[in-house]
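In order, the protein sequences belong to chains A and B.
Using my numbering, count along the first sequence one by one with no gaps and you end on 326.
Using my numbering, count along the second sequence one by one with no gaps and you end on 444.
By construction, these hints were calculated from the structure, which means they are not laboratory data.
Fair warning: there could be bad hints in the mix.
Claimed, not checked - Keeping only pairs whose Cα atoms sit at most 25 Å apart, straight-line, the calculated BS3-like set for lysine-lysine is:
#1 B:45 with A:43
#2 B:376 with A:37
#3 A:281 with A:237
#4 B:137 with A:76
#5 B:113 with A:76
#6 B:201 with B:376
#7 A:76 with B:45
#8 A:76 with B:436
#9 B:436 with A:43
#10 B:436 with B:399
#11 B:436 with A:37
#12 A:37 with B:113
#13 B:45 with A:37
#14 B:85 with A:37
#15 B:399 with A:76
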Amino acid sequence: MRTLKNTILIIFSFISFISCDNEESLGESNLDQTTPKLTDLDKWIRDEYIYTFNIEVLYRWRESAVDMNRYLYPPKIENIQPALKAIKKVWIDSYNEAANNELVRRIAPRQVLFVGGKNLNPSGTRTLGSAEGGKRITFYETDLVNLKEKPSLLLFLGTMQHEYCHILNQTLPFDEQKYQKITPANYTAQWFNESLNVANELGYITQYSRASVIEDFAEMVRIMLSKTRQQYESRLKLIERRIVNKDVAKAIENIAPGTTPAQKKAIIAAVKVIATEKAKKSTALIRAKENLVVEYYKSNLNIDFYELQAIVARNVDEIIEDNNSI
Amino acid sequence: MIDKIITKLRKPTLYMFVLACLASCAKDIEIDDVFEEAASVRVGKTANELRKILTSAPNGWTTTYFTDNTQLGGYSFMMDFQDDKNVKMVSDIQTRVTESTGEYDIIVGATLKLSFVTKNEIHKLSDAAIYPKENLKSLGYLGDFEFLYYGKDGEDLIFRSNKKFIELRFKKATTEDWEKFHLRKTMQNKLKLSPRISVFKIFTIGDNHYQFNYSNITRSMEVWNNEINEGNKITFGIGFSAKGLTLSPAVEVNGKRVSELLYDQATKGFYGIVDGEVLCSITYPNDPITPFDGYKKLDNISSFVYFLREDWTTNTSSPAFKDSMIALRAYFKRRDVIFETFFLAELDKDVHYLVFSIKIDGKRTQLWYQFTREVKDNKLYFKKNGWTNINESFEAALKPLADLFFTPEGMHVQDSGKLGRFRNQTIRLIPADNPKYAILLYEK
Numbered sequence: 001m002r003t004l005k006n007t008i009l010i011i012f013s014f015i016s017f018i019s020c021d022n023e024e025s026l027g028e029s030n031l032d033q034t035t036p037k038l039t040d041l042d043k044w045i046r047d048e049y050i051y052t053f054n055i056e057v058l059y060r061w062r063e064s065a066v067d068m069n070r071y072l073y074p075p076k077i078e079n080i081q082p083a084l085k086a087i088k089k090v091w092i093d094s095y096n097e098a099a100n101n102e103l104v105r106r107i108a109p110r111q112v113l114f115v116g117g118k119n120l121n122p123s124g125t126r127t128l129g130s131a132e133g134g135k136r137i138t139f140y141e142t143d144l145v146n147l148k149e150k151p152s153l154l155l156f157l158g159t160m161q162h163e164y165c166h167i168l169n170q171t172l173p174f175d176e177q178k179y180q181k182i183t184p185a186n187y188t189a190q191w192f193n194e195s196l197n198v199a200n201e202l203g204y205i206t207q208y209s210r211a212s213v214i215e216d217f218a219e220m221v222r223i224m225l226s227k228t229r230q231q232y233e234s235r236l237k238l239i240e241r242r243i244v245n246k247d248v249a250k251a252i253e254n255i256a257p258g259t260t261p262a263q264k265k266a267i268i269a270a271v272k273v274i275a276t277e278k279a280k281k282s283t284a285l286i287r288a289k290e291n292l293v294v295e296y297y298k299s300n301l302n303i304d305f306y307e308l309q310a311i312v313a314r315n316v317d318e319i320i321e322d323n324n325s326i
Numbered sequence: 001m002i003d004k005i006i007t008k009l010r011k012p013t014l015y016m017f018v019l020a021c022l023a024s025c026a027k028d029i030e031i032d033d034v035f036e037e038a039a040s041v042r043v044g045k046t047a048n049e050l051r052k053i054l055t056s057a058p059n060g061w062t063t064t065y066f067t068d069n070t071q072l073g074g075y076s077f078m079m080d081f082q083d084d085k086n087v088k089m090v091s092d093i094q095t096r097v098t099e100s101t102g103e104y105d106i107i108v109g110a111t112l113k114l115s116f117v118t119k120n121e122i123h124k125l126s127d128a129a130i131y132p133k134e135n136l137k138s139l140g141y142l143g144d145f146e147f148l149y150y151g152k153d154g155e156d157l158i159f160r161s162n163k164k165f166i167e168l169r170f171k172k173a174t175t176e177d178w179e180k181f182h183l184r185k186t187m188q189n190k191l192k193l194s195p196r197i198s199v200f201k202i203f204t205i206g207d208n209h210y211q212f213n214y215s216n217i218t219r220s221m222e223v224w225n226n227e228i229n230e231g232n233k234i235t236f237g238i239g240f241s242a243k244g245l246t247l248s249p250a251v252e253v254n255g256k257r258v259s260e261l262l263y264d265q266a267t268k269g270f271y272g273i274v275d276g277e278v279l280c281s282i283t284y285p286n287d288p289i290t291p292f293d294g295y296k297k298l299d300n301i302s303s304f305v306y307f308l309r310e311d312w313t314t315n316t317s318s319p320a321f322k323d324s325m326i327a328l329r330a331y332f333k334r335r336d337v338i339f340e341t342f343f344l345a346e347l348d349k350d351v352h353y354l355v356f357s358i359k360i361d362g363k364r365t366q367l368w369y370q371f372t373r374e375v376k377d378n379k380l381y382f383k384k385n386g387w388t389n390i391n392e393s394f395e396a397a398l399k400p401l402a403d404l405f406f407t408p409e410g411m412h413v414q415d416s417g418k419l420g421r422f423r424n425q426t427i428r429l430i431p432a433d434n435p436k437y438a439i440l441l442y443e444k
């Protein structure tokens, strides 16, 4: 019986092999698999971004990569290379200089996507950039940026600094709980309803910082990397001055008629003292966040943040200079 | 007992089942191949064919894209598909004809899609930040730049926009199309400036006459008549050709459809003609379709004043009249005289005055022009008796304005209702021999 079973098995296997032997070849794919013709820009992107950093650059429209419900459009071809040069210099080169040449290759978005125009939100705000799952960074307003002017350039590259911070955080999380304890009560989805002054007073560096702890952290990085250390310190001083001036102006408005000049002076002096105290508390909150950012960069990436800040500032100036000399 | 029967039946049943299975397998159900090639092969071939069609047209293609004809008009393009990648486009979207070049691609997906993949003219319709009216904020002109290919209709290529499925027809362009593309802007300006021809503008479909308003910002025309009141207007999108304009949707008269209206230099109107018959038109006659009876308001109201503010939307004086008033005020200002306003005053039944009010060195002076009036054939006639007091140099300046009132052809008087949110009655005076002027006066 056993012999019979084995014989049947052998015959069955043989038949199976024979049947496989007669299988026709699948042949070539029906789909067009030829390499698309590369333009000079495509070749440049391959050398500078794909081969070097394994980052794909999407500038031709790809419907699935954007929100179909928005009215967005692709950028002008001639704007891509200057934008990529600026991004490389201010982002990749700066980080690599401050850390090591492997950081961006190791932790980076796998795609950079360019959109030509503004991405307007129903709330009336506009999105300058987005990072999707750490894989892709999208730049909006590529056609609108003026790479010869610092404010425009910094706004555009601020997207990179902000979104790259998210990508770093996604790979190497920061201590959100510790960070949140600094200003726990004023995070809100309606961050755009109140002014920058209010946000500063509450201990946030920008209005958008109030959106969430994660955005707050990225906004701290963005602002700090869009200024020299000295400029950043001036910004904190300005925040303090604004808070004091606002409170003093309000006090003057509320001074009752008939108050003597001497009384007025005394009231203003008193308000100034209180407001200065309040302003210092506000900037102390921002300073506490700054310390956590600096600590995060040191402990996770071995980067001296202030050194990175100086490198970025230098590279921004060089880009401006290069673009103005063209 | 039953168990035994089941046991006995089990084996034959099993054999029969296996036999049935084998038998059914033995006979393949043959499915006829509708196509000789696989879907992927066919789509690939169509993509190549489409690319070839687009690039092989010697003078490229032209199309007019109505992104949403319920509120916007048509935007025209000339397209030269230069090679497998680049396309040059010319468009009439902006005030002047503009040109750019970008890349395109034919993408194989659920269906074939012609996608303009880098910035070009057509993307101007999809810019969230540039919109023609408030309800389109962040929606731009509702335009698309990816189009699904639906095949050929004769020599035309039929596409549908990716987002809203709006049909686009690519027509083979001629050298004349390229040469005369700029005339689309000329035609647009003619329609835009048409209120300067006559304030009586009529849109006619068959035997039905309608009033209309054309908005150049949205390239749309709102149409109404007594049956369709203003609150329930019908909207047509307007596109332009070198010879006239295109209505969308087309209108149908006695089973004949017409969408192309040709411009006629002699009458300055636009006419939709099929088989030699005018089915549809936009015209600017000298007289209203139905005579106005606004003159009756003059019986009860003794004084009407010109509505001075040219920049107010409630001032529905015609653009030509507003311009002449602005020029007149500037004339006086150069002589350090402030031109205030003018008004009609009735002292008693037979004594009327046209009064111009000016200020010299802060002192108000009124220049009175006395006349008699009469109503004949639904028109109002002023017969002048002369100035009662006038500075000669001012008379020359005011004469063109005064002549509008004292035309021998008389004036149409339109009852133009209340003045915005105010209660004052208004009338519009329109000289019968010069219908580009309409003068809005309000009850004093």
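Status of each hint after checking the structure:
Pair hint residue 45 of chain B plus residue 43 of chain A does not hold up; C-alpha atoms about 28 Å apart against a cutoff of 25 Å. Taking the CA atoms of residue 376 of chain B and residue 37 of chain A, the gap is about 79 Å. The hint is violated against a cut of 25 Å. Using a Cα cut-off of 25 Å, the hinted pair residue 281 of chain A and residue 237 of chain A holds, with the two alpha carbons roughly 12 Å apart. Straight-line distance between C-alpha atoms of residue 137 of chain B and residue 76 of chain A comes to about 23 Å, which keeps the hinted pair within the 25 Å bound.
Between residue 113 of chain B and residue 76 of chain A, the direct Cα distance comes to roughly 21 Å. Compliance with the 25 Å bound is thereby established for this hinted pair. Our distance criterion of 25 Å between C-alpha atoms is met by residue 201 of chain B and residue 376 of chain B, whose separation comes to about 23 Å. Among the hinted pairs, residue 76 of chain A with residue 45 of chain B is inconsistent with the structure: their alpha-carbon atoms are about 30 Å apart, more than 25 Å. For the hint linking residue 76 of chain A to residue 436 of chain B, the alpha-carbon distance of about 45 Å lies beyond 25 Å, and the restraint is violated.
As the CA atoms of residue 436 of chain B and residue 43 of chain A are separated by approximately 62 Å, the hinted pair breaks the 25 Å bound. A threshold of 25 Å between alpha carbons decides the hint, and for residue 436 of chain B with residue 399 of chain B the separation of about 18 Å falls inside it, so the pair holds. Simply put, residue 436 of chain B and residue 37 of chain A have alpha-carbon atoms about 60 Å apart, too far for the 25 Å limit, and the pair is violated. Taking the CA atoms of residue 37 of chain A and residue 113 of chain B, the gap is about 19 Å. The hint holds against a cut of 25 Å.
With a C-alpha separation of about 19 Å, the suggested pair residue 45 of chain B and residue 37 of chain A falls inside the 25 Å cut-off, and the hint holds. Distance restraint check for residue 85 of chain B and residue 37 of chain A: the Cα-Cα separation of roughly 9 Å lies within the 25 Å cut-off, and the hinted pair is therefore satisfied. With a CA separation close to 57 Å, the supplied pair residue 399 of chain B and residue 76 of chain A exceeds the 25 Å bound.
Consistency note: the structure conflicts with the earlier hints numbered 1, 2, 7, 8, 9, 11, 15.
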